[in-house]
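Just so you know, the sequences run in chain order D and H. Just so you know, UniProt numbering puts 152 at position 152 of the first sequence, and the rest follows in order with no gaps. Just so you know, UniProt numbering puts 162 at position 162 of the second sequence, and the rest follows in order with no gaps.
These aren't lab readings, by the way, just hints derived from the structure by calculation. As the structure is a computational prediction, the values presented were derived from the model and not from experiment. Take these hints with a grain of salt, some might be off.
[Stated by the list, open to error] In the DSSO-like style, the derived pairs of lysine-lysine whose C-alpha atoms are separated by at most 27 Å in a straight line are:
id, chain 1, residue 1, chain 2, residue 2
1, D, K224, H, K202
2, H, K202, H, K137
3, H, K202, D, K216
4, H, K130, H, K147
5, H, K137, D, K216
6, H, K229, H, K203
7, D, K216, H, K130
8, H, K147, H, K137
9, H, K175, H, K203
10, H, K130, H, K82
11, H, K175, H, K202
12, D, K224, H, K130
13, H, K229, H, K82
14, D, K224, H, K137
15, H, K82, H, K175
16, H, K255, H, K82
17, H, K137, H, K203
18, H, K147, D, K428
19, H, K137, H, K82
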Amino acid sequence: MTDTAAPAGATPKAKKSLFKALEIDTRLLGMIGAFVVLCLVFNVVTDGRFLTPRNIFNLTIQTVSVAIMATGMVFVIVTRNIDLSVGSLLAACSAVMAMTQTWLLPDVLGLGLGHPIIWLVAIVVGLVVGTAIGAFQGFLVGYLSIPAFIVTLGGLLVWRNVAWYLTAGQTIGPLDATFMKFGGINGTLGTDASWAVAAVAAVAAVAVIFMARRSKLAHGFPVKPLWAEGLLALVAAGAIVGFIAILNAYDVPIGRLRRIFEARGQEIPEGFSMGYGLPVSVLVLIAIAVAMTVIARRTRLGRYIFATGGNPDAAELSGINTRLLTVKVFAIMGALCALSAVVASARLANHSNDIGTLDELRVIAAAVIGGTALSGGIGTIYGAILGALIMQSLQSGMAMVGVDAPLQNIVVGSVLVLAVLIDIQYRKRTGGK
Amino acid sequence: MAATMDAEHASPGATPLVEMDGIRLAFGGVHAVDGVSLTLHAGEVLGLLGHNGAGKSTLIKILSGAYRMDSGTIRINGEAVKIESPRDSRRYNIETIYQTLALADNLDATANLFLGRELVTPLGLMNDAKMEAETRKIMARLNPNFKRLSEPVSALSGGQRQSVAIARAVYFNAKILIMDEPTAALGVHETQMVAELIEELKKQGLGIILISHDTREMMELCDRVAVMKNGQLVGTERVEDVTEDDILSMIILGKNPRAAV
Chain D
1 MTDTAAPAGA
11 TPKAKKSLFK
21 ALEIDTRLLG
31 MIGAFVVLCL
41 VFNVVTDGRF
51 LTPRNIFNLT
61 IQTVSVAIMA
71 TGMVFVIVTR
81 NIDLSVGSLL
91 AACSAVMAMT
101 QTWLLPDVLG
111 LGLGHPIIWL
121 VAIVVGLVVG
131 TAIGAFQGFL
141 VGYLSIPAFI
151 VTLGGLLVWR
161 NVAWYLTAGQ
171 TIGPLDATFM
181 KFGGINGTLG
191 TDASWAVAAV
201 AAVAAVAVIF
211 MARRSKLAHG
221 FPVKPLWAEG
231 LLALVAAGAI
241 VGFIAILNAY
251 DVPIGRLRRI
261 FEARGQEIPE
271 GFSMGYGLPV
281 SVLVLIAIAV
291 AMTVIARRTR
301 LGRYIFATGG
311 NPDAAELSGI
321 NTRLLTVKVF
331 AIMGALCALS
341 AVVASARLAN
351 HSNDIGTLDE
361 LRVIAAAVIG
371 GTALSGGIGT
381 IYGAILGALI
391 MQSLQSGMAM
401 VGVDAPLQNI
411 VVGSVLVLAV
421 LIDIQYRKRT
431 GGK
Chain H
1 MAATMDAEHA
11 SPGATPLVEM
21 DGIRLAFGGV
31 HAVDGVSLTL
41 HAGEVLGLLG
51 HNGAGKSTLI
61 KILSGAYRMD
71 SGTIRINGEA
81 VKIESPRDSR
91 RYNIETIYQT
101 LALADNLDAT
111 ANLFLGRELV
121 TPLGLMNDAK
131 MEAETRKIMA
141 RLNPNFKRLS
151 EPVSALSGGQ
161 RQSVAIARAV
171 YFNAKILIMD
181 EPTAALGVHE
191 TQMVAELIEE
201 LKKQGLGIIL
211 ISHDTREMME
221 LCDRVAVMKN
231 GQLVGTERVE
241 DVTEDDILSM
251 IILGKNPRAA
261 V
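Just chain D, same shape as in the assembly (with noise of 0.2 Å):
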């Protein structure tokens, strides 16, 4: 309004009480605007090629995998633990569920394969593992005491060997076919379901934002102003269908298309074409990370988790059975292990001994960065897969411009120190913990 007479002066104060009236976590915004300036600088050096949607779709299902557990390491940080055993334990649960999908269901049970029961079963088997291995690393930690780095340090050599050992060491595949479409590019919606999953989303979006300004307003609270409540939804609503829009323009290669035709005995029509739309695998971390923003947030379980992680005696005292806690977050950290397994052995379309490699590096890294304070009680679901996604950009943006491979490791290695750097930074100057 009054640009013209203080330019200088008005325009970082316009912004700031712009923020102030959208109530944006600062923190969050820092990480996006971090985000968009490396994929801006790697489509520059690119040439336009790290910003297509083959690319971006690409880019989002190699981040599901490290990004599930991801959701659950923050759970585990902010409790003070830290779990070191998830790419053995992915290892694990992929080896059983390999095992249940070609061996146990289709010979031992004679199902015979591609029996359609099989995918759901071997699903259900690898949750089961995973939720028991995880339960048992939080019952070591939390009712016999054993620091979790040692609990979770020994789980990465004993799970990754069980695997090994359950498998003779042999790659277990070709897996179900069903159970392949949780793996990224064999398992899309396509276009239309993709626009009907991204106009339920957006309404949800907005219906959510809305209805917590309407329980605000009735219990006499102070809420935002109309005009920023009504920004941040249509901004929401923008970025869910701009992101379906991506993912639908990535069109099936007319090769693949011309398999899928003369499968089905058919000839493809002149002109034919069709976009992937949203994988499956992506849909299925939307819906974990869902879940665990509601427990981490409106659940009496998560309130437990961050309380236990600012503080512990007080949790204690407060009448929190703080052992039974540290199980129950290990056991989530296991089930999304599992589930993690699926998508990444369904992408690779076999299960291999080092499936979930150095996982565990990437899974904390990406809690990290995301914002998790390793001195426990804070962290958030989304900043850890945003961290992924951060994470999964900076290694195939560097893959793609051609950098060498032990540079690659440097510079994520270097970004990680940085990123704890800048956190603690933030957290003075804000004068947060």
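Position chain H against the provided structure of chain D, taking the given hints into account.
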């Protein structure tokens, strides 16, 4: 038996609210609490005095369920009870304000007030709006200047943090209130507010156990004072029967001058 021993303190025939009898707890070879017996009546403030390490905090942590005693009995309203966890103690309407306040610094006042006792909606999700409204109500009563309900308590001043801890103890209809150094971190004005609150709660019929190093404050606020030294009870006296010097000599020498006479 305990009733007859303490008959002079009680209104005739009333069962004490709390009777702790022969409480013992050792950490390794150290007898932190060594055979202590105490009673607390409804509408009474009992002061607990002694040097650091005398066993005061350990004793009240046994009552609040943070520690388990090795031996002894606790009776509430004449009934023997087992207090093995903070949850048990809350079940008997015992609320504790710890010296450390026991707040989760990363959570806001509302979350801390309801920690372990969250209100939930029929779907099992937390009813944040209701909890925040309740917090606002009680804080308006205890500390009208307190407005920062949704900031992490780490951002609050010492006095504000204290009022969150007090609110948590008062909100859930406590019958027995334990306050460990409730005014240590407070200024003059806030200390006065706590004193007024204690008077008010006493009138409502709560039994209050107060720990403090400030002997003069204790003489003003308490009906009776119990002095501990080296894990043992030196003596329990009504404040009108003793002088501040008597109390000090009990704390320092570990002898009850009235008993000696």
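Each hint, compared with the structure:
1. A C-alpha spacing of about 43 Å is found between D:K224 and H:K202, which places the hinted pair above 27 Å, so the restraint is violated.
2. Taking the CA atoms of H:K202 and H:K137, the gap is near 21 Å; set against the 27 Å cutoff, the hint holds.
3. Between the alpha carbons of H:K202 and D:K216 the distance comes to roughly 36 Å, so the proposed pair goes past 27 Å and is violated.
4. For a cut-off of 27 Å, the pair hint linking H:K130 to H:K147 stands: about 16 Å separates their Cα positions.
5. A hinted pair counts as satisfied when its Cα atoms are at most 27 Å apart, and H:K137 with D:K216 qualifies at roughly 16 Å.
6. This hinted pair does not check out: H:K229 and H:K203 have alpha carbons roughly 31 Å apart, beyond 27 Å.
7. This hinted pair checks out: D:K216 and H:K130 have alpha carbons roughly 10 Å apart, not beyond 27 Å.
8. Proximity of H:K147 to H:K137 is assessed by CA-CA distance (about 11 Å); at most 27 Å being required, the pair is judged to hold.
9. Proposed proximity of H:K175 and H:K203 is supported: the alpha carbons are some 12 Å apart, at most 27 Å.
10. The suggested pairing of H:K130 with H:K82 is violated, with an alpha-carbon distance near 33 Å, which exceeds 27 Å.
11. Of the pairs offered as hints, the one joining H:K175 and H:K202 holds, with about 10 Å between alpha carbons and a cut-off of 27 Å not exceeded.
12. Using a Cα cut-off of 27 Å, the hinted pair D:K224 and H:K130 holds, with the two alpha carbons roughly 19 Å apart.
13. This hinted pair checks out: H:K229 and H:K82 have alpha carbons roughly 26 Å apart, not beyond 27 Å.
14. Distance hint between D:K224 and H:K137 is fulfilled; the C-alpha atoms sit about 22 Å from each other, no more than 27 Å.
15. Taken as a hint, the H:K82 and H:K175 pair is honoured in the structure, with Cα atoms around 17 Å apart against an allowance of 27 Å.
16. Taking the CA atoms of H:K255 and H:K82, the gap is about 32 Å. The hint is violated against a cut of 27 Å.
17. About 21 Å separates the Cα atoms of H:K137 and H:K203, which keeps this hinted pair within 27 Å; it holds.
18. A threshold of 27 Å between alpha carbons decides the hint, and for H:K147 with D:K428 the separation of about 24 Å falls inside it, so the pair holds.
19. Of the supplied pair hints, the one linking H:K137 and H:K82 is violated, its CA atoms being roughly 34 Å apart against a limit of 27 Å.
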